[in-house]
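Undergrad: Chain by chain, the residues run as shown.
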Amino acid sequence: MKKGTLRQILLITDGCSNQGEDPVAMAALAREHGMTVNVIGVLDENERTDSGLKEIENIALSGGGIHQLVYARQLSHTVQMVTRKAMTQTIQGFIHKELQSILGAEKEIEDLPPDKRGQVVEVVDELGETMDLEVLIMIDTSASMQHKLPTVEDALLDLSISLHSRIGQNEYALYAFPGKRKQVEQLMNWTPQMKDIHTIFPKLSSGGITPTGPALKEAIEAYQKKRSKRGLLEDGGYFEESGS
Amino acid sequence: MAATSKNQAANVPRGTRIRGKWNKQSYQVIKKLGNGALGTVYLADSNRGNVAIKLGIDSMSITSEVNVLKQLSMVQGTVLGPFFYEVDDWEMNGKCYPFYVMEYINGEPLFSFIERRGKEWLGILMLQLLRDLGALHREGWVFGDLKPDNLLVEGSPPTIRWLDVGGTTGMGRSVKEFTEFFDRGYWGLGTRVAEPSYDLFSAAMIMINAAYPQRFDRPKKESELFLMNKIEKSPLLKSYKPILKKALRGSYQNASEMRQELFSLLQGVKSGASNRSTIPSNSRVISRQKRQKPKKQKRSGWIETVLLFAFILFFYTLYLVGHVF
Numbered sequence: 001m002k003k004g005t006l007r008q009i010l011l012i013t014d015g016c017s018n019q020g021e022d023p024v025a026m027a028a029l030a031r032e033h034g035m036t037v038n039v040i041g042v043l044d045e046n047e048r049t050d051s052g053l054k055e056i057e058n059i060a061l062s063g064g065g066i067h068q069l070v071y072a073r074q075l076s077h078t079v080q081m082v083t084r085k086a087m088t089q090t091i092q093g094f095i096h097k098e099l100q101s102i103l104g105a106e107k108e109i110e111d112l113p114p115d116k117r118g119q120v121v122e123v124v125d126e127l128g129e130t131m132d133l134e135v136l137i138m139i140d141t142s143a144s145m146q147h148k149l150p151t152v153e154d155a156l157l158d159l160s161i162s163l164h165s166r167i168g169q170n171e172y173a174l175y176a177f178p179g180k181r182k183q184v185e186q187l188m189n190w191t192p193q194m195k196d197i198h199t200i201f202p203k204l205s206s207g208g209i210t211p212t213g214p215a216l217k218e219a220i221e222a223y224q225k226k227r228s229k230r231g232l233l234e235d236g237g238y239f240e241e242s243g244s
Numbered sequence: 001m002a003a004t005s006k007n008q009a010a011n012v013p014r015g016t017r018i019r020g021k022w023n024k025q026s027y028q029v030i031k032k033l034g035n036g037a038l039g040t041v042y043l044a045d046s047n048r049g050n051v052a053i054k055l056g057i058d059s060m061s062i063t064s065e066v067n068v069l070k071q072l073s074m075v076q077g078t079v080l081g082p083f084f085y086e087v088d089d090w091e092m093n094g095k096c097y098p099f100y101v102m103e104y105i106n107g108e109p110l111f112s113f114i115e116r117r118g119k120e121w122l123g124i125l126m127l128q129l130l131r132d133l134g135a136l137h138r139e140g141w142v143f144g145d146l147k148p149d150n151l152l153v154e155g156s157p158p159t160i161r162w163l164d165v166g167g168t169t170g171m172g173r174s175v176k177e178f179t180e181f182f183d184r185g186y187w188g189l190g191t192r193v194a195e196p197s198y199d200l201f202s203a204a205m206i207m208i209n210a211a212y213p214q215r216f217d218r219p220k221k222e223s224e225l226f227l228m229n230k231i232e233k234s235p236l237l238k239s240y241k242p243i244l245k246k247a248l249r250g251s252y253q254n255a256s257e258m259r260q261e262l263f264s265l266l267q268g269v270k271s272g273a274s275n276r277s278t279i280p281s282n283s284r285v286i287s288r289q290k291r292q293k294p295k296k297q298k299r300s301g302w303i304e305t306v307l308l309f310a311f312i313l314f315f316y317t318l319y320l321v322g323h324v325f
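First to last, the protein sequences are chains A and B. Start counting the first sequence at 1; every next residue gets the next number (the UniProt record's numbering). Start counting the second sequence at 1; every next residue gets the next number (the UniProt record's numbering).
Excised from the complex, chain A in its bound form (with noise of 0.2 Å):
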């Protein structure tokens, strides 16, 4: 049986995006496609900027995802759980609907008595270790987020433990904005390892420039240009038509 793939835009930020297209509106671009956005803020340690909280929140919100604002150092635990909870959340989703379907509208998992619950779960969870990923990593790379990069580093690295310790398959690719001459740059294609990072981690480019906007739209073209090489051949899988 083919389960699909679940596809999401991971977006490591710290602040306003203040160039090009509105975060928020690629966001819910995103979802259409049948993308989920999600977004974490990393904080300095003495930090508490609310400037660019509403706007984190906003952009997972309209892509149906997570965000999460932590400092550095907590950021390896919160990137592979943030992707997981999105995952769960996806298939929750879906799942919903599908018992929507079939015990009416209105109806939730909460009217089912408890009993039965537990079967709903287990199929989550099922699905949740065995269906493939796909994610796709943003890294915002403005001068603020320079001394982060390697703890951004290491969170990728204890993702990518997690998501391999699962049955299903996983790829990953990574973007960084701003690029050294475009808004946005590909720092690594598709690729099932997510090895060797630090070789390609850029050493980046200064400027007081964050084009969230344009690199979300970037990634929905990624995404985009990678189903169509992959051709007619394979279906586009399940999920990505729940996006409503």
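What the hints contain is simulated information worked out from the structure, not anything from laboratory work. What you are looking at is a predicted structure, and each value in this text was computed from that prediction instead of being measured. Note that the Cβ used here is the ideal one computed from N, Cα and C, for glycine as well. Heads up, a few of these hints could be off.
Computed far set for chain A versus chain B, every beta-carbon distance over 10 Å [said to hold, decoys possible]: (1) H33; (2) E55; (3) R84; (4) Q100; (5) G118; (6) S144; (7) R166; (8) N189; (9) W190; (10) T191; (11) I200; (12) I220; (13) E221.
Calculated pairs, DMTMM-like style, for lysine to aspartate or glutamate (alpha carbon to alpha carbon, straight line, at most 20 Å) [to be verified]: (14) K107/A to D89/B; (15) K116/A to E86/B; (16) K24/B to E110/A; (17) K95/B to E106/A; (18) K24/B to D111/A; (19) K116/A to D58/B; (20) K116/A to E91/B; (21) K97/A to E57/A.
Please build the complex by placing chain B on the supplied structure of chain A, with the hints as guidance.
TA: Chain B only, in chain A's frame:
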């Protein structure tokens, strides 16, 4: 999003009556026992006596824990984790809070017990822990989030008990819940695939944590060497070094293997230090040890002798029987 409802579930005042929507059982809250990521645990009074109630917000995650507790309750003969009673919903102020009811374990945190009763308890409680882990693994489960916070020492004779089994994962799947210090993935010393060696790594880290209550962060690289140094520098851990080393490297295939080595190591330590042996007070330990740990080198010789003897006895019996009839 769930901030307000979370507060309500996390602050149920003493005396509140929680009544189940489906099973109609009612419970009176006595006090709050603790906060977890997925809910709040209360001590409550019921017609079963004192019970612990975990009140959550998300019915999926509560259900997930109930699945595990039910599975563990089915493990015959051994008490793994708190005994599970029932799962239900509580409706309050138009909101629905899922909860489950389990045995109340009135114990003492692992490290405070060791602090109070003496360091020699560390090894003994680890023997108990490894025995229970072995039983869990044989049932096809891995504890996952094994850490001191999830362990209590209860009763007399002191017995180690598992408090939170929410991280329990089916063998071969990926561990979803873990705590960095006790996670071999964090130390770069293995995957997060649920297998016996994952739990054994955590068990070794619990012992290290006993010597370093403040814990410590991982180094940039060479974390195995780094941990070995920590073991070497601690008077408490030094004697356990051989087994800690193997557990951290993932060399043990199962819990009983590690348990046997810890057991013989403790025997060595005890006979060297004093004549009073603490271990035989635990009868379960002894009986298992007798069954599972014949002396390795002499074993084949013994088996031959016994077999030979049995053969002779068998033929002699045949001869006798033949003679009689």
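Undergrad: Taking the earlier hints as the rules, which of them does this structure contradict?
TA: The structure breaks hints 3, 5, 7 and 21; every other hint is satisfied.
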